[in-house]
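Those protein sequences? They're chains S, R and F, same order as listed. The opening residue of the first sequence carries number 1 in the numbering used here; numbering runs sequentially from there. The opening residue of the second sequence carries number 1 in the numbering used here; numbering runs sequentially from there. The opening residue of the third sequence carries number 1 in the numbering used here; numbering runs sequentially from there.
Mixed in with the good hints, there may be bad ones.
What the hints assert, rightly or not - Here are some, though not all, of the chain S residues that point toward chain R, as calculated from beta-carbon distances under 8 Å:
| # | residue |
| --- | --- |
| 1 | G54 |
| 2 | I56 |
| 3 | L76 |
| 4 | T77 |
| 5 | S78 |
| 6 | T123 |
| 7 | S127 |
| 8 | Y141 |
| 9 | L142 |
| 10 | L230 |
| 11 | Y245 |
| 12 | Q248 |
| 13 | S252 |
| 14 | N254 |
| 15 | D255 |
Read the hints as simulated data drawn from the structure, not as lab findings. The C-beta atom is built at its ideal place from N, Cα and C for all residues, glycine as well.
If you want the building blocks of each chain, they are given just below.
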Amino acid sequence: MAAFTQATAPDFLSRYGLRRWTVIPATYLVAIVGCGLTIVPLLFVVVDGFRTNGDINNSPAGWPHPWVAGNYTSILTSAPFWQFLGNSVLISAVATTLTLVLGSMAALALSQYEFKGREFFYTVFVSGFLFPIGVGALPLYLLLQRLSLLDNQFGVAIPEAAFALPITMIILRPFLRAIPGELRDAAMVDGASRFRFFVQILLPLAKPALITVGLLAFVTSWNQYLLPLLVLQTSSHFTLPLGTYTFQTQYSQNDAGIMAFTALAMVPALGAFVFAQRYLVAGASGAVKG
Amino acid sequence: MRSSRALAAIALAAATATAAAACSSGGGSSSNSSTPAATGSSSPSSAAAAPSVTLTWWNNATNQPLLGVYQNAIKGFEAQHSNIIIKDVPIQNELLQDTKIPLALEGNNPPNIYQQWGGGVLGQQVTSGKVDNITADVSSWIGGISGASGWQANGQQYGVPIDLHVVGFWYRKDIFKHVGITVPTTLTQLESDDTKLRAAGYAPIAVGSKDRWPDAFWWEYFALRDCPQSTVNSAIKSESFSAACFASASTAMEAFLKTNPFQTGFLGTSSQQGAGSSAGMVASGKAVMELQGDWDPSVMEGVSTNKNLSSELGWFPFPQTPGTAGSQTAVLGGGDGFSCTGTPQQAQACAEFLQYLDSPSVQAQIVGPGASGEPVVTSESSAITLPATQTAAAYFKTAAYQELYFDTALPTKPGQNLDTAIANYFSNPNSSTAAAIANSPSTP
Amino acid sequence: MSRSTALNAGLGPAATEDTVAAGPLRRPKWRSPKLRKKTELTILLAPGLILFVGFVLIPIGIAAYYSLFNWSGYGPLNDYIGFKNYSYAFKDPAFIQSIEHTLYLTVASVAIQGPLAIAIALLLNRKFFGRTFLRTVVFAPYVLPPAVTGVMWSLILQPGGFADQLFKAFGLGGLVQLWLANVHVVLFTVFAVLTWQYLGFGIVVLLAGLQGIPTELKQAAAIDGASPWQVTRRITLPLLAPTMRIWGFITVIGSLQVFDVIWILTQGGPAGSSSTISTYMVLEGVDSTDFGFAAAIAVILFAFCFVFALIYQRYALRRDTRGALTRAVG
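Only chain S is shown next, with the shape it has when bound in the complex:
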């Protein structure tokens, strides 16, 4: 094989077996540098959680001196933290589910059917993405008040799902449209109804896109602070991002506390990512074979 590639390899690097000495080490170098740049700031967050604020102030870049577990332990043993966590899990789960269900339904509608005004509806969805959410806060607040959705986890999850729909459509619809019509024909020949085709064939094929969309919706909801701020009034309903603010008073900021809290709050979201990884890897290849 080596002789074959060396004799007929079309590019410079392959011909002289230089790939081993140039591209691959370069790849690893880039990977290491990239990893370093990514991880080090994150490590900062985790490590700074083990310091006192005075320590951070004296030497912003140093190691903990002394190592203080107090920030982490006091957070983990405080009932509010677990309440916040529970609320965040609930809200993000509901929002993500709603987004996935309604989003894939709408994406199916806009990709698998031809009808007048299809592009119009798609544009309608996309246009919501284009408006900064902050300014819509006041009208949204009044609307939720009128619907008696204030201080209610649903009052957070439902608007979150609504706001996640545009990006869901942007990612899902092209994915679904790119799946060839021959599949549909084949399914119909085999006697499947349209619904069965959607659920049993089309959506599984779109798994990478669905997982991506679900992941994005989950992370966005997990880190969302504006909507919970508007909607939730009782502190027992607060979510994790709102909990971060308990470390900031009018006159100061508990950096170490924020870092510890954030490090802990990131764990579920990262966990969701690792979980989603498995499904992202299983590809869609093979569906259109032969």
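Fit chains R and F to the known structure of chain S by using the hints.
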């Protein structure tokens, strides 16, 4: 099929959990109910069962010690008033001030007692029609409360202060001693002290220019030194700083800036956001002085490993600039207070609670250990434990007058415009940026 | 129902005039394919649409309405000023400056993060030891709340802080700047932090797209003697193009609206040197309780995004569907 089954499972779980949560959240939501029904548990002290009143209280005391002080206050007050229930809702300060309060005043259910910083912002909030006029409810006792005029609009009382703050210089006594300088009384002395400190390797003065309002403290003090009180007040009222004395204040400040008094990179430093803030620099001894409000010590304590910090802090007023037209002893300051919303019955209950907060014993706690600020009942300033703050409070009593920070005295937008213009000037001191300050409040 | 009838059912109004079979077996009208199609369509589209219109479009519309008033957010809306908020904005040099900065950031995001994300996604697409760990690491910055990113980077970028020490350790001390205080440098600093936060997102999206490329194609090409680089350039990248275009769209819109990280890092300063349209909006509108003005800025931002979206949809996204789908399904 795995994915759709998984989806179904998640949906079912979420639905069940939500149903459970909805059942429990229904009872827990905060409400501003004023139920006229007589409660059965009336204390022996009130003969007729007064109607029960529930008040929600939005304040920024999310942390100790104020959190505990407020909770104790509620207990004490409810013990004396069996028909009033107060629900403490502490909310982080910026979220409260910038988002929650404005939204709530626009909605139909604002909190009955909410944090109020007075001035022009109060005036703006009054236009919402939701803030109660409590002049009658407080008339019997408001006279003994210093600074109360800052919580008025159109001559009517729309809020009550519970503590006051004064802006001055906080400095490290130990470093002063180490370098061999004394507390400056004039601006020239301050400048020469700065030179000595710099030569010794310190940043003489720290400023949190990123937040813009610390810059404004500087300019406003120069303005107070250069302009008579009447000019300052009419400028604020007309939202224009075009009087000539303000231009000379800018010039004086420019000259001061040229002496390089601040830390490196001061334009990007925050004032009190944790480590690396200007307060943090004084706490760690990298900088020696800061012109800041009297909450500074508590910020510094939060980021310091130095157990003796409180004894090493000192305070002195803004230096004098002999020969200028303004007052040499005027101070810049503000305070915290509360306003009331709701029915007249709720407003009255609210006013009674505020009176309780302004009572000597509670005032002593509010300015006591770990806290910051001066009491509105001046007799209680002996409760202040930090020596530096005691100096500030003592000076405060002798000041010619107190001017509310301009960005609070002005309505919000002109105030913010002023802060931005001053910050621009700080980053680029010249005549055109100075001139921009004059009309900044009224720029749309 | 015959197969051809089923297939023809969705091909537009003209083709389906007569969908009721002639002859003894007449289908009831409510079972006609056209009506069934409409029903299915409604069931699929309506819930999402209603949710969206109710919770997103209506508040946006109301906010746009506010922009026509001089309103502090308190009290009634009674100071109608038409488009004055808009003209004030465009006459304000600070606003124009913020638009410039926003455009710089947007273009740089696409031009720099794009190739970087593609390269890294390609690297991460093959199987190797620790792949899941690496992917999680790459994605992790995106999971960090933007506000905390701002706090963390503020600490790192302090004068004499970790970043400075790192530079000095590598002998690059001469390159050290006042990252957040120097008005000429701060925008680049902000861009670097934004890249740190959002590159992982791009990589994950592109990875998802790479999953959709059949390995058989690449294997076939390799057997035919193509080098890895050629496989990448001729097969992988073109097939990745639709995903790249989606990523590009999301990145542009996100960059146009970027707020949280910059606000914590610099509040748009010093002296507006790192301001974006969103920071301007918050500073001049929201924090100044001038909600009418804030709404006007939001509408202007929306208009920028919308125009871009229209152009993008016309020229870029269309290409993905032309020829990709041979027939409509329904």
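Right, here's what the structure says about each hint:
1. A least Cβ separation of about 3 Å between G54 of chain S and chain R falls short of the 8 Å threshold, and the interface hint therefore holds.
2. Here the hint on I56 of chain S is kept, as its CB sits about 4 Å from the closest CB of chain R, short of 8 Å.
3. Against a cut-off of 8 Å between C-beta atoms, the interface hint on L76 of chain S is violated, since the closest Cβ of chain R lies about 19 Å away.
4. Given the 8 Å rule on beta carbons, the hint for T77 of chain S is violated: about 17 Å separates it from the nearest Cβ of chain R.
5. Nearest Cβ of chain R to the Cβ of S78 of chain S: about 13 Å, over the 8 Å cut. The hint is violated.
6. Below 8 Å, beta-carbon pairs count as interface contacts, and T123 of chain S has none with chain R, the closest being about 28 Å; its hint is therefore violated.
7. A cut of 8 Å between beta carbons decides the hint on S127 of chain S: the least distance to chain R is about 25 Å, and the hint is violated.
8. The closest approach between the C-beta of Y141 of chain S and any C-beta of chain R is roughly 5 Å, which is under the 8 Å cut-off, so the hint is satisfied.
9. Taken as an interface hint, L142 of chain S checks out: its beta carbon lies about 6 Å from the nearest beta carbon of chain R, inside 8 Å.
10. For L230 of chain S, the suggested interface contact is upheld, since its CB lies about 7 Å from the closest CB of chain R, less than 8 Å.
11. For Y245 of chain S, the shortest C-beta to C-beta distance to chain R is roughly 4 Å, which falls under 8 Å, so the interface hint holds.
12. A hinted interface residue such as Q248 of chain S counts as satisfied when its beta carbon comes closer than 8 Å to some beta carbon of chain R; here the least separation is about 5 Å, so the hint holds.
13. Contact between S252 of chain S and chain R, as hinted, is supported at the beta carbon level, the nearest pair being about 4 Å apart and thus within 8 Å.
14. For N254 of chain S, the interface hint holds, the least distance from its beta-carbon to any beta-carbon of chain R being 7 Å, beneath 8 Å.
15. At a threshold of 8 Å, the smallest CB-CB gap from D255 of chain S to chain R is about 4 Å, leaving the interface hint in force.
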